[in-house]
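Start from the sequences, fold in the hints, and give me the full structure.
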Amino acid sequence: MTDLPETSAKEFAATLLPLYHGPTVKIRISSSDHEYEISKHLLYKESIYFTTMFESNFAEGQQQVATLEEVEGVVSVRSFEALIKWLYLRRIQLDSEGPEDQISGAIELVRLADMCHITGIEAQMAQYIKDVLVANPGPQCDIFCSRPIDTNTYYLTRQHIIWATLLPPGHLVRRIIAAASVEGYLRDENYKFVQESHEIPAFGADLLREVRSTLSQMDSATQFEDPISGTRMSINCGSDF
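Numbering (full-length UniProt numbering), first residue to last: 1 to 241.
It cannot be assumed that every hint is accurate.
To be verified - The following label-pair restraints were derived from C-beta to C-beta distances:
1) 169 to 37: 33 to 39 Å
2) 119 to 158: 38 to 44 Å
3) 88 to 52: 17 to 23 Å
To be verified - Listed below are the simulated SDA-like cross-link pairs for lysine to any residue, each with C-alpha atoms no more than 25 Å apart in a straight line:
4) 85 to 130
5) 192 to 135
6) 192 to 231
Simulated from the structure, these hints should not be mistaken for laboratory data.
Quantities reported herein were computed from a predicted structural model and do not represent experimental measurements.
For glycine and all other residues, C-beta sits at the position ideal for the given N, C-alpha and C.
The structure is reproduced here in structure tokens:
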């Protein structure tokens with residue numbers, strides 16, 4: 001759906017208003033008494049997942065009612081309600097308590113969107129997580145102490161990393177979770193998630209990519225000694241992968 005604040009009255013009336021009317025479908029969340037009635041046209045426009053579900057010859061297609069099984073870190077009342085609001089208004093609102101839970105809710109939401117083949121939410125949620133990390137750096141040292149190496153990762157957890165790596169490679173939320181560890185990785189070999197970078201290959205690869213991206217932004221040449229030839233050479237800062 002077009003971003004509402006950038007939509008003219010004429011465009012809204014012609015293209016968006018019909019999405020708020022017409023036939024509806026019902027979606028239930030298992031293990032709860034929550035049931036939602038949602039515009040069929042809106043779901044069809046945004047999600048091939050739901051289009052296939054409600055156009056099938058199975059019970060969902062015949063009854064126009066579907067039940068989503070709760071899945072930890074993906075499908076919950078919280079994530080589905082947040083997804084509905086985003087579909088209608090393109091706004092993010094997560095019922096979360098504290099920075100760690102906000103990050104959990106954000107990853108849960110994008111994983112649900114990915115499951116439903118709904119796109120367009122990735123950049124917004126990556127920025128949301130980045131804002132949470134910046135606004136909540138954790139306890140700081142006094143004026144005589146340097147910035148803690150885990151400032152950006154204070155509220156990140158191993159579970160966040162695992163959930164993020166289940167998103168498609170290159171997903172912006174997956175990248176921002178890895179990017180949060182770049183400072184610690186470059187400043188201290190015992191940064192917070194050193195064990196995860198060894199035990200979770202996808203995270204290690206993501207972190208390597210973000211380190212490379214960070215090094216590519218250096219404004220002065222830096223040399224290193226090649227571990228094979230022993231030759232000293234400059235880091236190529238002009239490319240990323």
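Against the structure, the hints:
Our hint of 33 to 39 Å for residue 169 and residue 37 holds, since their Cβ atoms are close to 36 Å apart. A C-beta distance of roughly 28 Å is found between residue 119 and residue 158, which places it outside the suggested range of 38 to 44 Å. A hinted range of 17 to 23 Å for the beta carbons of residue 88 and residue 52 is consistent with their spacing of about 21 Å. Under the criterion of a C-alpha separation no larger than 25 Å, the hint pairing residue 85 with residue 130 is consistent with the structure, at around 21 Å.
A hinted pair counts as satisfied when its Cα atoms are at most 25 Å apart, and residue 192 with residue 135 qualifies at roughly 19 Å. With a C-alpha separation of about 32 Å, the suggested pair residue 192 and residue 231 falls outside the 25 Å cut-off, and the hint is violated.
In summary, the structure is inconsistent with hints 2, 6 from the numbered list given earlier, while agreeing with the others.
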